[in-house]
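Heads up: the protein sequence lines correspond to chains A and B, in order.
Last residue of the first sequence: number 439 in the working numbering, and the count goes up by one each step with no gaps.
Last residue of the second sequence: number 439 in the working numbering, and the count goes up by one each step with no gaps.
These stretches of chain A come out as covered by chain B in the derived footprint (C-beta under 8 Å, 3 or more residues):
# : region
1 : 54-63
2 : 77-84
3 : 186-198
In case anyone wonders, no lab produced these hints; they're calculated from the structure.
A virtual CB, placed ideally from N, CA and C, is assigned to each residue, including glycine.
Protein chains: 2
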Amino acid sequence: MVSSAATPHVVIVGGGFGGLACARTLRRAPVRVTLVDRLNHHLFQPLLYQVATAGLSPAQIAAPIRQVLSRQRNVSVVMAEVTAVDAERRVVHLADGQLAYDILVLAAGAETSWFGNDEWACLAPGLKTIEDALEIRERLMESFERAERSLDPESRISNLTFVIVGGGPTGVEIAGAIREIALHQVPRDYRNVDTTSARIILVEAQDRLLPAGFDETLCVRAARDLRKTGVEVRLETRVVAIDAASVELQGHAGTERIATRNVIWAAGIRPSPIAATLGCPLDRSGQVPVEADLSVRGRPEIFIVGDMARVKDPESGNLVPGIAPAAMQMGRHAGRVIATGQREPFHYRDKGMLATIGRARAVGTLGGLRLTGLVAWLLWSGVHIFYLISFRQRILVMLDWIWSYLFFSGGARLITTPAPGRRHPPRDGSGPSSSE
Amino acid sequence: MVSSAATPHVVIVGGGFGGLACARTLRRAPVRVTLVDRLNHHLFQPLLYQVATAGLSPAQIAAPIRQVLSRQRNVSVVMAEVTAVDAERRVVHLADGQLAYDILVLAAGAETSWFGNDEWACLAPGLKTIEDALEIRERLMESFERAERSLDPESRISNLTFVIVGGGPTGVEIAGAIREIALHQVPRDYRNVDTTSARIILVEAQDRLLPAGFDETLCVRAARDLRKTGVEVRLETRVVAIDAASVELQGHAGTERIATRNVIWAAGIRPSPIAATLGCPLDRSGQVPVEADLSVRGRPEIFIVGDMARVKDPESGNLVPGIAPAAMQMGRHAGRVIATGQREPFHYRDKGMLATIGRARAVGTLGGLRLTGLVAWLLWSGVHIFYLISFRQRILVMLDWIWSYLFFSGGARLITTPAPGRRHPPRDGSGPSSSE
Chain A
4 MVSSAATPHV VIVGGGFGGL ACARTLRRAP VRVTLVDRLN HHLFQPLLYQ
54 VATAGLSPAQ IAAPIRQVLS RQRNVSVVMA EVTAVDAERR VVHLADGQLA
104 YDILVLAAGA ETSWFGNDEW ACLAPGLKTI EDALEIRERL MESFERAERS
154 LDPESRISNL TFVIVGGGPT GVEIAGAIRE IALHQVPRDY RNVDTTSARI
204 ILVEAQDRLL PAGFDETLCV RAARDLRKTG VEVRLETRVV AIDAASVELQ
254 GHAGTERIAT RNVIWAAGIR PSPIAATLGC PLDRSGQVPV EADLSVRGRP
304 EIFIVGDMAR VKDPESGNLV PGIAPAAMQM GRHAGRVIAT GQREPFHYRD
354 KGMLATIGRA RAVGTLGGLR LTGLVAWLLW SGVHIFYLIS FRQRILVMLD
404 WIWSYLFFSG GARLITTPAP GRRHPPRDGS GPSSSE
Chain B
4 MVSSAATPHV VIVGGGFGGL ACARTLRRAP VRVTLVDRLN HHLFQPLLYQ
54 VATAGLSPAQ IAAPIRQVLS RQRNVSVVMA EVTAVDAERR VVHLADGQLA
104 YDILVLAAGA ETSWFGNDEW ACLAPGLKTI EDALEIRERL MESFERAERS
154 LDPESRISNL TFVIVGGGPT GVEIAGAIRE IALHQVPRDY RNVDTTSARI
204 ILVEAQDRLL PAGFDETLCV RAARDLRKTG VEVRLETRVV AIDAASVELQ
254 GHAGTERIAT RNVIWAAGIR PSPIAATLGC PLDRSGQVPV EADLSVRGRP
304 EIFIVGDMAR VKDPESGNLV PGIAPAAMQM GRHAGRVIAT GQREPFHYRD
354 KGMLATIGRA RAVGTLGGLR LTGLVAWLLW SGVHIFYLIS FRQRILVMLD
404 WIWSYLFFSG GARLITTPAP GRRHPPRDGS GPSSSE
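Work out the full structure: start from the sequences and follow the hints.
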């Protein structure tokens, strides 16, 4: 693989967990690496919900990709939008140029999917980027403000009703965090409304919370713990309509319309649209089916890692889950194949899974052990602090968490866009609607 | 003043230093206070330049006004935009309603003024809000990215040329901070450009830096220190034209056109337009001339504090400067007059002035003493940490500063808006121009 006369040029698309792990694995390989991302920062996605719920600041969970890789001399970082791959000519098309490659690693991740209802995008924002998180944070804080100023009891209730769609880890974590804000962090700040009366409704189409990989006992426990804190958990329930003032749910008991000005979409993702430009068949979800070594069938010079790849573990036969540790393992694997030329099959090592449920509670597995409550939460905190990219961020995030735990106080409850000239129209139906 | 049968209603417009100080002074007074601000947070403006130059995160220098005042039971906080004052009817008009007052305190501060050249607003952003600061931060980081990708030497130079207009404390601090980034923080991150070659030009129309109140020896020292770090200081020089690719300067030696894609406007402010709705004559700068007790002539129930007020100190005859300590003193004074009914004249207590000049250097005065270099910088750090609103922010900002000092590394070098669909058009002339 590294036998060509000139130094081979490896292009990595995406500076997420998969792309960064691949670049780092190549640090001593005799290759020239170019990492392309449309943003200048790596984002620690597992904590993005804390930015959306005003616990952390963006800079605490994001780091400039250049800075992360500044000591690795064989890597260049390019901030550019990749629009397509020309696999025949071995060229990546950028919004304003192109890049030729010898080896390509696609690690561009996934984006929010509204399952064909793209008109919901501006009514029920998803959570994949820092902009998304700040948008949700702003809407959340504005709802409390609107409730405080409103003289109409119905408007108050609809402003204090939060519907979170999707019972995966993100949905569970957002629901728990909003409950925590309404119950502990802001009640003293408002004079006219009782924020502890806020309704938080978590809607999930399946009959259980959390993703397929999670132990079923723990899924039941997560639902019980959430309900104990006051979150309404609706399983086997689907969203059939969303408008500016309400959401319609369909469950066993029929349909129900809930008046709310706050819907957050944590229900689905779809792989980056770059996958579709490869010219190879995709699976139903839009992922690229890969060979055992993570390369594309018939294109040994193209590797797919992270959320863009559909990978079955050869031993268990299970699909590899779309979580950060899996993306990192795939990135490292692709890097090793490129560096050594040995086309070993990829094996996913399941190190466990964790999800927090509000204040000092979590559920998870670790090496076969089931953990719940405070123990799981301490483990969750430790793991997330450990994996944060820079040491500076580790310290600052840890201090923020300790502070929040002790004093029931959030760290970043800011509305930074002034009311007129607001970037995203508020959900009162008066602004022009726009899909993002 | 508190003799009316019902509890008097004090409306304070603005949650900056003046408005908050006034609200706090009224905490034991037999009045009902409503504080109105169009944003939900108090902003620690003296450190805003550090958000613009990627040193701190917004949440580290801003705090929700509700939270700051949550323990003070006689205050309500309303998030709303004040559009006008009807002094006859004693009513404040909001964008979506109105508020009747018995006593009014106007503390709405100032906004950026381009001295009649409002078309410069999108070419040379000002620095008054968190949005402004994030906009400048994004442009700054994008310039380095564009320089790195550019193959044209002229475009590289213009992307690495930063022109800061206005030699007041903000201009001096921004110039020093950008020099520090280019020289120490990012050089290792880029492969194709030498960021240490960046030109930073500070333009000031007067013959000296820093505002009128500053000791002249220190102004000379500030210019010398800035030049030593590599900033080009141009005194007695005016900006006569700005376009998307250059700025035209006029000095003693004639006019010069400098190719640059980065102009930051720190040259002027004007009082909030609310002042003009009062119906009383304003001075040339748009400020409201006030009586000795800070009330408006003929309207003893209206007080003006902070940047909106034109106040001469009765002893020295000097104008009270537009800085945070002055606004706080005025706010407290208006609060005491309201609480006691004693119409004492306002006296400004000059506690000194400080301005930083890049890494570990500052100039300032303290009780008649002139301070420079590291000593002044340590004092500057201490004072700013001390006055930050919450204890949590004090700790986190201090840690960030210590870290930056030790490791030459900024804290928040993020570009959060993805390239397409960007909110503000980049300065390449291709996007639609918009005034902000």
